[in-house]
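> So the chains spell out like this:
4 protein chains.
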Amino acid sequence: MNQELFQALSAQRIETPSWGYGNSGTRFKTFSAPGAARDVFEKIEDAAEVHRLTGIAPSVALHIPWDEVSDYAHLRRFAAERGVTLGAINPNVFQDDAYKLGSIAHPDERVRAEAVGHLLACVDVMTQTGSRDLSLWFADGTNYAGQDDLRARKRRVRQALAQVHDALPEGSRMLVEYKLFEPAFYATDLFDWGAAYAHCLAIGDKAQVLVDLGHHAQSVNIEQIVAFLLDEGRLGGFHFNARRYADDDLIVGTTNPFELFCIYAELAAAEQASDDLTRTTARQVAYMIDQSHNIEPKVEAMIHSVVNCQEAYAKALLIDRERLTAAQQQGDVLEAQRTLMDAFRTDVRPLLAEWRRESGLPEDPIQAHRASGYQQTIARARGTAAAGGGFPVKS
Amino acid sequence: MNQELFQALSAQRIETPSWGYGNSGTRFKTFSAPGAARDVFEKIEDAAEVHRLTGIAPSVALHIPWDEVSDYAHLRRFAAERGVTLGAINPNVFQDDAYKLGSIAHPDERVRAEAVGHLLACVDVMTQTGSRDLSLWFADGTNYAGQDDLRARKRRVRQALAQVHDALPEGSRMLVEYKLFEPAFYATDLFDWGAAYAHCLAIGDKAQVLVDLGHHAQSVNIEQIVAFLLDEGRLGGFHFNARRYADDDLIVGTTNPFELFCIYAELAAAEQASDDLTRTTARQVAYMIDQSHNIEPKVEAMIHSVVNCQEAYAKALLIDRERLTAAQQQGDVLEAQRTLMDAFRTDVRPLLAEWRRESGLPEDPIQAHRASGYQQTIARARGTAAAGGGFPVKS
Amino acid sequence: MNQELFQALSAQRIETPSWGYGNSGTRFKTFSAPGAARDVFEKIEDAAEVHRLTGIAPSVALHIPWDEVSDYAHLRRFAAERGVTLGAINPNVFQDDAYKLGSIAHPDERVRAEAVGHLLACVDVMTQTGSRDLSLWFADGTNYAGQDDLRARKRRVRQALAQVHDALPEGSRMLVEYKLFEPAFYATDLFDWGAAYAHCLAIGDKAQVLVDLGHHAQSVNIEQIVAFLLDEGRLGGFHFNARRYADDDLIVGTTNPFELFCIYAELAAAEQASDDLTRTTARQVAYMIDQSHNIEPKVEAMIHSVVNCQEAYAKALLIDRERLTAAQQQGDVLEAQRTLMDAFRTDVRPLLAEWRRESGLPEDPIQAHRASGYQQTIARARGTAAAGGGFPVKS
Amino acid sequence: MNQELFQALSAQRIETPSWGYGNSGTRFKTFSAPGAARDVFEKIEDAAEVHRLTGIAPSVALHIPWDEVSDYAHLRRFAAERGVTLGAINPNVFQDDAYKLGSIAHPDERVRAEAVGHLLACVDVMTQTGSRDLSLWFADGTNYAGQDDLRARKRRVRQALAQVHDALPEGSRMLVEYKLFEPAFYATDLFDWGAAYAHCLAIGDKAQVLVDLGHHAQSVNIEQIVAFLLDEGRLGGFHFNARRYADDDLIVGTTNPFELFCIYAELAAAEQASDDLTRTTARQVAYMIDQSHNIEPKVEAMIHSVVNCQEAYAKALLIDRERLTAAQQQGDVLEAQRTLMDAFRTDVRPLLAEWRRESGLPEDPIQAHRASGYQQTIARARGTAAAGGGFPVKS
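Chains as they are written, first to last, in the numbering used here: chain A, 128 to 522; chain B, 128 to 522; chain C, 128 to 522; chain D, 128 to 522.
Be aware that a few hints might be false.
Stated by the list, open to error - Only pairs whose alpha carbons sit at most 25 Å apart, straight line, appear in this in silico DMTMM-like list of lysine to aspartate or glutamate:
#, chain 1, residue 1, chain 2, residue 2
1, D, Lys333, D, Asp293
2, D, Lys227, C, Glu462
3, A, Lys227, D, Glu169
4, B, Lys227, A, Glu490
Because the hints were derived from the structure by calculation, they are not lab data.
Sequences are here, hints too, so could you generate the full structure?
So, in structure tokens, the structure goes:
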């Protein structure tokens with residue numbers, strides 16, 4: 128049993144985001160964190176540290192232009208030398224002044240062309256970084272009823288996505304993210320999984336849906352969306368984080384660890400599904416973290432995140448599937464529920480410590496990080512970068 | 128202008144539900160209303176009264192087996208003699224003991240077969256009642272994580288829907304309703320518009336999505352879903368009602384009249400769309416009320432509902448589309464918003480009184496109903512039927 | 128350590144509700160469960176079975192008039208002979224026809240007087256049953272803006288509560304429950320903890336707030352309300368259950384076990400607080416289950432509920448308070464969070480099995496229940512009672 | 128009738144916020160608006176323009192230190208010369224680095240002392256500006272369960288508020304604002320009206336609750352909170368804005384104009400209440416706007432806001448109170464609801480145009496603003512100030 132389990136644990140992958148290592152904040156304030164990464168090289172160093180300690184975070188997602196460099200081959204080597212690879216490319220079409228009323232859904236076709244141009248440039252970056260996935264999130268939307276034509280905006284989105292899709296090289300994918308709201312407060316153009324799914328279906332096989340755990344309405348059952356998309360062969364990946372209220376972007380697994388477990392329970396089941404499409408889809412899912420650490424030390428927060436995903440997956444692997452299926456088929460509600468809960472109740476820390484020992488990793492990555500002095504070292508070396516975010520301060 | 132407007136108003140249709148005229152309640156209690164309809168004939172009489180007063184409610188939806196009769200041709204004549212027709216057929220697969228763990232998604236194939244059998248029997252009813260639409264709502268779902276296999280249930284739903292779809296006569300449709308929750312409290316099999324849409328897309332052209340205003344998560348933008356489905360040619364119809372909390376099933380337009388207006392604004396725009404698919408789809412939308420009156424006199428509550436829809440549509444027709452489009456294209460956010468609001472701000476009561484006068488209807492249907500003594504008459508004739516709902520009372 | 132822990136576990140109490148053993152359902156349907164208790168005597172037998180297996184459920188709450196008997200002394204003896212006592216008295220002022228528009232907030236003073244009369248009669252029952260707590264939930268509210276005067280209703284509530292408060296015998300308490308919505312869908316008169324708290328404060332020392340886990344708006348932090356009320360000396364008790372959507376009334380701890388743990392973490396801390404008021408308040412909290420089992424076997428569901436509370440409390444007792452306080456005072460966010468999570472991560476099943484062994488209880492109460500044949504016995508003896516709830520069926 | 132109505136309209140007051148005239152944004156981006164006010168003097172000029180056009184916005188709220196000046200007497204004269212006065216003082220204890228983990232609830236007493244020091248300095252500013260109200264919003268809270276001790280934080284808040292309360296000069300007030308979340312994502316120390324109310328009650332008569340329309344959980348009935356606080360004599364004021372999702376800070380009245388009307392309906396009723404406390408409280412309510420315009424021209428957006436409040440109040444004044452009360456007392460649900468709706472349905476634009484004519488104001492303030500060239504003038508004079516907010520851009 129343990130061997131199979133350990134193989135699965137060894138195959139798990141969590142990609143960390145470059146932007147999770149720099150300063151970030153709320154609209155009220157971005158607090159400056161000592162040692163926060165100031166450029167893409169420092170971000171990669173931090174990502175490498177997280178991978179060194181956890182063993183399952185071997186790639187780092189990039190945000191363009193935040194992480195833009197003139198020589199991506201060099202960046203790739205820089206990463207490789209530190210034991211990590213460059214992961215998904217995340218274009219940014221929400222921070223230029225032109226994008227005030229949208230990017231690919233903007234009423235002005237010149238703005239749309241500019242946005243598509245940036246997306247295509249990012250496709251080009253992918254080929255240089257060796258990335259499989261273009262990860263697309265759009266801030267597009269409206270703040271007021273009537274502000275723009277909802278159907279027209281939908282068509283503009285469709286057209287832009289199709290154009291980018293057709294430019295993707297063979298073997299690569301575009302992951303289409305959706306979000307209930309923020310920064311748009313009336314209607315977000317890609318507002319839920321259904322909208323993202325409909326677009327993906329229309330534009331082609333390289334388009335897959337990306338699920339961000341913080342982008343749903345209250346009480347929505349995320350694991351059910353995951354199961355649905357897996358079964359349709361359209362689940363492309365995740366942006367992991369945690370939330371109670373809005374898109375809180377907290378450390379994944381901290382608000383409701385049972386939900387994270389239920390999501391992994393669907394994924395672990397799908398990895399073993401008898402159905403080809405589901406199984407293949409599950410095995411290609413991109414697991415990525417997308418968090419915005421406001422008050423936490425960033426590297427340690429990321430280790431927490433990776434470990435929380437690992438624990439959730441380990442518990443999901445421990446589900447007694449035969450017992451579960453039998454109870455389900457008999458309509459034995461409480462036995463089925465208890466079977467799932469028994470896996471969740473299990474304390475997987477000893478098991479993971481053993482797996483880490485066997486894998487040559489520190490048994491307690493958080494403790495190891497604290498003991499390593501890494502945080503003190505980067506704080507000393509990098510200082511405390513000024514943070515630009517939050518409400519304008521008095522001039 | 129008014130002529131075109133009056134034509135549109137004359138073409139508006141709102142179908143009322145037979146079950147809105149009988150006793151209904153919450154899980155805590157069903158209060159008995161004096162004069163509440165006791166059978167399908169009384170329900171049709173009430174629906175006819177609503178149509179007589181409003182002029183735009185010429186059909187009544189049936190719920191099978193609640194409204195089952197041995198001779199539908201007779202029922203059809205009974206309705207015709209009172210000036211109304213029989214509308215959508217609503218199968219009931221949630222009240223038999225067999226359906227405790229689901230109907231078309233039930234783990235036991237015998238239960239699924241029983242449910243499909245009832246659905247097919249309802250298709251047969253449609254041909255007898257002359258109904259175009261089979262309106263499908265399923266209570267199917269689970270209360271606990273692990274209770275059943277989410278992907279397996281999805282496949283069972285797909286299979287059953289496809290089977291019913293293929294049995295539909297030419298020219299008829301199936302409307303697939305979705306619901307966030309209740310009576311299922313963990314996962315509802317048809318949980319949102321995206322799930323309903325994906326199923327419709329897979330099973331064929333006669334399957335369309337039905338939007339119930341009370342079946343969404345908090346803060347979800349319903350008019351955007353409406354716009355999206357219209358543009359995809361998959362909006363089949365509505366179940367109108369109002370809610371603040373859950374599926375409260377209140378009189379439509381009472382909780383947030385601006386939302387109802389925004390929904391009609393999308394529909395009115397789509398009716399005039401240059402795009403064929405959108406326009407055709409809009410013109411075939413089935414507008415139906417689905418409310419559960421707990422404390423209100425039922426016939427009067429239904430007149431309120433029809434009038435509220437009429438006012439929302441009238442305001443939507445008053446939107447200055449040229450001014451709106453110009454402002455949208457210029458990115459003039461506040462002018463666009465104000466243009467929409469100007470229509471909403473308009474008091475359409477005088478306009479509607481005039482249209483009613485011209486149409487030979489009472490200028491104030493609610494006042495006319497109160498003056499007619501209809502409620503007193505049915506209370507006398509029918510008495511107060513015992514209501515079966517709510518918590519079991521002490522035996 | 129374990130000795131202190133075991134003492135705390137031995138002192139834990141969970142009261143089960145009589146109505147949790149009978150049939151209950153949703154507004155759509157009450158499914159009949161084989162063996163469901165048909166009267167208060169059978170309910171007490173079931174409660175006794177739950178206590179026999181768990182050891183921490185020694186009392187049963189009554190609902191009047193559902194559980195009304197002519198001789199409460201007899202009922203008390205009946206319970207005592209089965210090892211349980213009669214707990215909180217729950218008046219029912221929501222099922223009579225008179226209460227359609229409210230009970231203590233009704234616009235008609237005669238209805239209010241009737242409702243207060245019932246509440247006072249329940250105070251009299253308390254003295255006969257030996258109950259300490261009068262547990263008050265009101266369905267009062269309105270469905271439409273304008274339906275009634277919100278301030279007038281508030282004053283009526285205040286007056287009625289004060290009247291009942293002043294009739295309470297020395298040493299007894301009234302627990303004032305609040306609820307966001309249902310069955311009222313516009314405004315519920317006792318709508319949140321703040322409203323209940325304000326009333327309690329105004330009417331006297333015997334009035335305390337009761338927290339039902341299913342009665343809050345989405346995303347509300349319940350453990351913070353618990354902490355606030357403990358600190359104000361006004362937390363009277365709980366109605367435990369679980370929910371994702373509305374007042375789903377599922378088995379407590381099934382939807383988000385971490386939330387239940389966080390609530391117990393506040394309670395366990397308060398039990399040891401240096402502050403007298405907080406500590407005394409915590410030790411008098413009434414822990415009660417209030418669930419509505421729609422699809423689950425009722426006795427087994429109740430055992431699940433009790434065990435889930437026990438596990439949550441056990442984990443709360445395992446929190447390393449010194450480490451936690453130190454981290455909090457140093458502003459070490461991640462260490463503090465991890466300290467709490469470490470307790471939650473612990474698998475307390477072995478510990479509880481040991482405590483049960485020492486307490487002469489079956490190590491696995493659910494397994495013991497299944498093995499006992501109790502469910503089969505009551506199903507045989509009681510049969511399947513007809514269930515009255517749900518939508519009226521076709522006559 | 129109209130004379131009384133016009134008197135009420137003439138007495139209406141809406142305070143606009145200085146920070147509503149400068150650049151503001153989301154955490155993703157603060158877009159620079161041409162002509163956005165760059166300092167407190169320009170903000171006052173803009174506020175004066177809004178008052179010049181609307182006639183009911185004669186004061187402007189200040190945010191300290193954003194609007195800090197060395198000579199408040201000068202600022203007061205500057206405002207007076209432009210026809211406006213200085214309104215509520217809003218201390219800022221959330222933007223200093225020290226406040227990362229809180230201000231008055233911070234675990235470190237030195238930080239708490241610093242925060243209280245700033246609050247007391249703001250009390251001093253009040254005396255210089257002639258402001259009646261100190262308007263207190265705190266970002267204090269925690270992001271993770273366990274991060275800090277909830278009860279300890281509550282006590283720290285209580286102590287700080289009491290200290291500031293006791294320093295308030297005679298005749299002045301402190302308004303205690305609450306908020307569900309943001310920027311805290313696990314627990315906000317002043318999390319709802321109940322928490323604010325409990326603190327106010329404990330610290331003294333000068334403390335009143337402030338209701339911000341965007342600070343509640345989904346589906347919460349705000350007008351009921353307003354009614355409750357009015358009846359308790361503890362409603363101090365409002366921060367008006369609109370939201371659908373979180374604290375969206377949109378133009379008040381745009382998302383759900385019926386809700387704004389219902390709130391004003393409670394206020395208008397309370398102004399005429401027979402009960403002294405309610406009436407006096409209602410007449411002292413501070414009506415303030417608190418919005419964050421992300422994409423809208425700021426001065427025009429503020430005029431929209433003021434006009435929307437005016438329309439809501441005008442409609443509230445038109446409610447036929449006798450008819451309403453009669454229907455309520457008879458339990459005539461639909462007549463009562465319709466009475467309220469009839470006022471809401473009324474188009475008050477002609478009435479307000481007449482009132483404005485009589486008051487020497489432009490009949491259409493928005494049109495007048497557009498025609499005035501004010502926006503073009505300030506854009507030219509002030510240019511486009513760089514905006515500091517949003518995610519850090521690439522250095």
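> Could you work out which earlier hints the structure fails to respect and list their numbers in ascending sequence?
4
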